[in-house]
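Following the hints, position chain P against chain F.
The listed protein sequences derive, respectively, from chains F and P.
In case it helps, this note's numbering puts the first sequence at residues 1 to 403.
In case it helps, this note's numbering puts the second sequence at residues 404 to 563.
The hints are simulated quantities; they were obtained by calculation from the structure and are not laboratory data.
Accuracy of the hints is not assured; some may be wrong.
Footprint (simulated), chain P over chain F, 3 or more residues, beta carbon under 8 Å [said to hold, decoys possible]:
#	segment
1	205 to 214
2	235 to 241
3	264 to 274
4	290 to 301
Taking lysine to any residue pairs in the SDA-like style, the calculated list, with each CA pair at most 25 Å apart, reads [what the hints assert, rightly or not]:
#	chain 1	residue 1	chain 2	residue 2
5	F	174	P	525
6	F	187	P	560
7	P	528	F	215
8	F	277	P	533
9	P	510	F	233
10	P	515	F	323
11	F	277	P	528
12	P	515	F	217
13	P	454	F	224
14	P	443	F	178
15	F	277	P	514
16	P	556	F	178
17	F	177	P	555
18	F	187	P	515
19	F	277	F	361
20	P	510	F	231
21	F	277	P	454
22	P	559	F	178
23	P	515	F	215
24	P	492	F	215
25	P	558	F	323
26	P	443	F	375
27	P	528	F	271
28	P	515	F	174
29	F	232	P	543
Calculated Cβ distances over 10 Å to all of chain P for the following chain F residues [what the hints assert, rightly or not]:
#	residue
30	167
31	362
32	370
33	391
34	393
Since this is a predicted model, take the numbers as computed values, not measurements.
Using N, Cα and C, we set each Cβ at its ideal position, and we do this for glycine too.
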Amino acid sequence: MAIIPDPDYKTSSSNFENSNSYLKRKNDFSGLVMYYSLNDEFVNGWKYENGTVVDNLIKSDGNGTSSNVRKNSKIIHIADIIEVTTCYLYSVQIVGYDDISYHEKCETEYYFSGGGTSTDSGGGGGSSGSYDYDANSATGGGGSSSSGSTTPPTIKPNEDCDPVAIANGDSISKILKTYDSSSAYYKISEYFNQLIGYASSSSVEWGMVINYTDGEFYAYNKEGNYVYSDQKSNEIALGYCNNTSILCHTHPTGKTSSPSPSDAGTLVYSYNKGATKIFANVIIAANGSQYVIYVNDRTAFNDFCNNSLNSGFYQETSDGRFATGTTWSNDYLTVYKNLQNQGYSDDVCNSYALSYVLDKYNTGMKISERDNNNNAFNEQNTEEDRSKTIFTTTTTYTPTKCD
Amino acid sequence: MKKIILTLSIMLIGINFVDSQTKPFKTISQFNGNVMNYLKYNVDERADYYKGKTVAELLNDLDIAPIGFQGCFNDYGTIGIELYYKNYKENIYSELADDYINIYFEKIIPDKEYHILRKEYPTEKWVPQHYDFFKDMIIKNVSFNYYKESYLKAKKLPNK
Numbered sequence: 001m002a003i004i005p006d007p008d009y010k011t012s013s014s015n016f017e018n019s020n021s022y023l024k025r026k027n028d029f030s031g032l033v034m035y036y037s038l039n040d041e042f043v044n045g046w047k048y049e050n051g052t053v054v055d056n057l058i059k060s061d062g063n064g065t066s067s068n069v070r071k072n073s074k075i076i077h078i079a080d081i082i083e084v085t086t087c088y089l090y091s092v093q094i095v096g097y098d099d100i101s102y103h104e105k106c107e108t109e110y111y112f113s114g115g116g117t118s119t120d121s122g123g124g125g126g127s128s129g130s131y132d133y134d135a136n137s138a139t140g141g142g143g144s145s146s147s148g149s150t151t152p153p154t155i156k157p158n159e160d161c162d163p164v165a166i167a168n169g170d171s172i173s174k175i176l177k178t179y180d181s182s183s184a185y186y187k188i189s190e191y192f193n194q195l196i197g198y199a200s201s202s203s204v205e206w207g208m209v210i211n212y213t214d215g216e217f218y219a220y221n222k223e224g225n226y227v228y229s230d231q232k233s234n235e236i237a238l239g240y241c242n243n244t245s246i247l248c249h250t251h252p253t254g255k256t257s258s259p260s261p262s263d264a265g266t267l268v269y270s271y272n273k274g275a276t277k278i279f280a281n282v283i284i285a286a287n288g289s290q291y292v293i294y295v296n297d298r299t300a301f302n303d304f305c306n307n308s309l310n311s312g313f314y315q316e317t318s319d320g321r322f323a324t325g326t327t328w329s330n331d332y333l334t335v336y337k338n339l340q341n342q343g344y345s346d347d348v349c350n351s352y353a354l355s356y357v358l359d360k361y362n363t364g365m366k367i368s369e370r371d372n373n374n375n376a377f378n379e380q381n382t383e384e385d386r387s388k389t390i391f392t393t394t395t396t397y398t399p400t401k402c403d
Numbered sequence: 404m405k406k407i408i409l410t411l412s413i414m415l416i417g418i419n420f421v422d423s424q425t426k427p428f429k430t431i432s433q434f435n436g437n438v439m440n441y442l443k444y445n446v447d448e449r450a451d452y453y454k455g456k457t458v459a460e461l462l463n464d465l466d467i468a469p470i471g472f473q474g475c476f477n478d479y480g481t482i483g484i485e486l487y488y489k490n491y492k493e494n495i496y497s498e499l500a501d502d503y504i505n506i507y508f509e510k511i512i513p514d515k516e517y518h519i520l521r522k523e524y525p526t527e528k529w530v531p532q533h534y535d536f537f538k539d540m541i542i543k544n545v546s547f548n549y550y551k552e553s554y555l556k557a558k559k560l561p562n563k
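Excised from the complex, chain F in its bound form (with noise of 0.2 Å):
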């Protein structure tokens, strides 16, 4: 970590490297906070004016990271690029020669004041207190800033909606929903009922599957039962066969409630595993949201499914998330973490940079969400916008969804 003061404020403050600390900034602190990994990369930054963040900071692509001794750092502001030179103090000492020389090199690194749309009062660690993925990147100090009690961002909504999309969605919405005779084999509404009650009432994952044959919708049996649980908080293991076409489980209270990567993993496993008919994964969240994966555009899912490099898709890791190190994985977390540092939720973040890798890999799958079982399920997309300056690319991503 790096506490750079204003020269107006180290004039004034004599004192200040002993008044700032890594968690705690006098109320008057104007200047720089900078956050390093133990590898002495730059993590982020915040501006203070007054003791009171008024900016983030990006790195720009210019300079390379060093290792050495932070000795110190100078400070020159044009306009929203701040300079920044570090220089650093090493010594060197020939085996044999008793003689240590001396050495200094400076390095310039520059950022740019990220917007000022953060209020967060600094400090070093934490996150938005949803899911911590700085926790698996070992960045060492600083962590990303939360905007703690502020409202977070709406979704912005799609005016530009794909019909197939529409017209899916409301399919999957009518098997849910009208299949309800009296007879028997059919009580997919009566079932998928129990799954919204068992959602909001039950601590473990409960699910039912879908079938289709012969021009039939119906609820499939696994020995003996319609609708089952393994009485595991995180996971159920569905049973399905060649004919399954849509499956539907839980996600009970104090679990993420938007679909994780393994949810989508699902569809390209059980398509792989013979049931090339499946078409959705319907999610019944504990907040009473409802989100469906399902396959959008089949040529490009059966596709998707065939080429044997996709094979790692649905190897996912214990939490549910895409395995560590895959571009699938790389991707999400990206999409993740931006979302994340915008103010959005686990919810959002985790669906919608799903959406986006279920987009950018052309995987024929899709997400949509509706908030209750008489709504119309809405696509969900992630924007992509990159803007460049001289020094580097700065890409946001921006939720959107359709009404």
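Chain P in isolation, oriented as in the chain F frame:
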């Protein structure tokens, strides 16, 4: 009097127990060739007899041959099969209307092994290689098509 009631009760319980354990196997001809009634009786009603036995023991008892099967899975592998004996509509598989039995295994079959079998020998047509693959699997549960009776009733279709 109490002794008589107790004796009768024990006899009734004993008869029921013996009945479920020793219900005799019946041939297809005893059901006049009706596959549904044949499988319902021999497999569904005698399910307890087959639990813990191998798939080979069950299939060797039945005096009709399967026509095909479909796998039942979960995220860990193949958990069982639906073994079809007769299509309701000729050459069209229907999980609702056909005569098939559900066989669930004690042990899940790994994905890779099942995948190779399915690719080499499509499941729509039962071949000796399918028998060899499944014959040693221990039966956890077995039953007749769960849907057929209510499906025929709802659609007002004959049992044929």
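Hint check results:
For a cut-off of 8 Å, the count of residues in the segment 205 to 214 of chain F with a CB near a CB of chain P stands at 3, and the three-residue condition holds. Only when three residues or more bring their CB closer than 8 Å to a CB of chain P does the claim for the segment 235 to 241 of chain F stand; here the count is 5, and the claim holds. Given a C-beta distance limit of less than 8 Å, the hint that chain P covers the segment 264 to 274 of chain F holds, as 6 residues qualify and 3 suffice. Counting residues of the segment 290 to 301 of chain F whose beta carbon lies closer than 8 Å to any beta carbon of chain P gives 0, which falls short of the minimum of three for the stated coverage.
A distance of roughly 33 Å separates the Cα atoms of residue 174(F) and residue 525(P); the hinted pair therefore is violated under the 25 Å criterion. A distance of roughly 20 Å separates the Cα atoms of residue 187(F) and residue 560(P); the hinted pair therefore holds under the 25 Å criterion. At roughly 22 Å between alpha-carbon atoms, residue 528(P) and residue 215(F) fall within 25 Å of each other, so this suggested pair holds. The straight-line distance between the Cα atoms of residue 277(F) and residue 533(P) is roughly 23 Å, inside the 25 Å bound, and the hint therefore holds.
Of the supplied pair hints, the one linking residue 510(P) and residue 233(F) holds, its CA atoms being roughly 24 Å apart against a limit of 25 Å. Distance check on the hinted pair: residue 515(P) and residue 323(F) sit about 20 Å apart at the alpha-carbon level, within 25 Å; holds. Distance check on the hinted pair: residue 277(F) and residue 528(P) sit about 19 Å apart at the alpha-carbon level, within 25 Å; holds. Note on residue 515(P) and residue 217(F): the hinted pairing is violated, with a Cα-Cα distance of about 30 Å set against a maximum of 25 Å.
For the given pair, residue 454(P) sits about 15 Å from residue 224(F) by alpha-carbon distance, which is consistent with the 25 Å threshold. The suggested pairing of residue 443(P) with residue 178(F) is violated, with an alpha-carbon distance near 31 Å, which exceeds 25 Å. With a C-alpha separation of about 19 Å, the suggested pairing of residue 277(F) with residue 514(P) holds against the 25 Å cut-off. Taking the CA atoms of residue 556(P) and residue 178(F), the gap is near 20 Å; set against the 25 Å cutoff, the hint holds.
Our distance criterion of 25 Å between C-alpha atoms is met by residue 177(F) and residue 555(P), whose separation comes to about 23 Å. Between the alpha carbons of residue 187(F) and residue 515(P) the distance comes to roughly 35 Å, so the proposed pair goes past 25 Å and is violated. A hinted pair counts as satisfied when its Cα atoms are at most 25 Å apart, and residue 277(F) with residue 361(F) qualifies at roughly 21 Å. Between residue 510(P) and residue 231(F), the direct Cα distance comes to roughly 20 Å. Compliance with the 25 Å bound is thereby established for this hinted pair.
At most 25 Å may separate the alpha-carbon atoms for a hinted pair to count; residue 277(F) and residue 454(P) exceed this at roughly 31 Å. As the CA atoms of residue 559(P) and residue 178(F) are separated by approximately 21 Å, the hinted pair is consistent with the 25 Å bound. A C-alpha spacing of about 31 Å is found between residue 515(P) and residue 215(F), which places the hinted pair above 25 Å, so the restraint is violated. A hinted pair counts as satisfied when its Cα atoms are at most 25 Å apart, and residue 492(P) with residue 215(F) qualifies at roughly 13 Å.
With a CA separation close to 47 Å, the supplied pair residue 558(P) and residue 323(F) exceeds the 25 Å bound. In summary, the hint linking residue 443(P) to residue 375(F) is not supported, as the alpha carbons are separated by about 43 Å, beyond the 25 Å threshold. Note on residue 528(P) and residue 271(F): the hinted pairing holds, with a Cα-Cα distance of about 20 Å set against a maximum of 25 Å. Taking the CA atoms of residue 515(P) and residue 174(F), the gap is about 36 Å. The hint is violated against a cut of 25 Å.
Simply put, residue 232(F) and residue 543(P) have alpha-carbon atoms about 22 Å apart, close enough for the 25 Å limit, and the pair holds. Remark: the non-interface label on residue 167(F) is consistent with the geometry, its nearest Cβ contact in chain P lying 26 Å away (cut-off 10 Å). Non-interface call for residue 362(F) relative to chain P: holds, since the shortest CB-CB distance, roughly 24 Å, exceeds 10 Å. Every CB of chain P lies more than 10 Å from the CB of residue 370(F), the least distance being 26 Å, so the non-interface label holds.
Taking the minimum C-beta to C-beta distance to chain P, about 46 Å, the non-interface status of residue 391(F) holds against the 10 Å cut. No Cβ of chain P approaches the Cβ of residue 393(F) within 10 Å, the least distance being about 39 Å, so the stated non-interface status holds.
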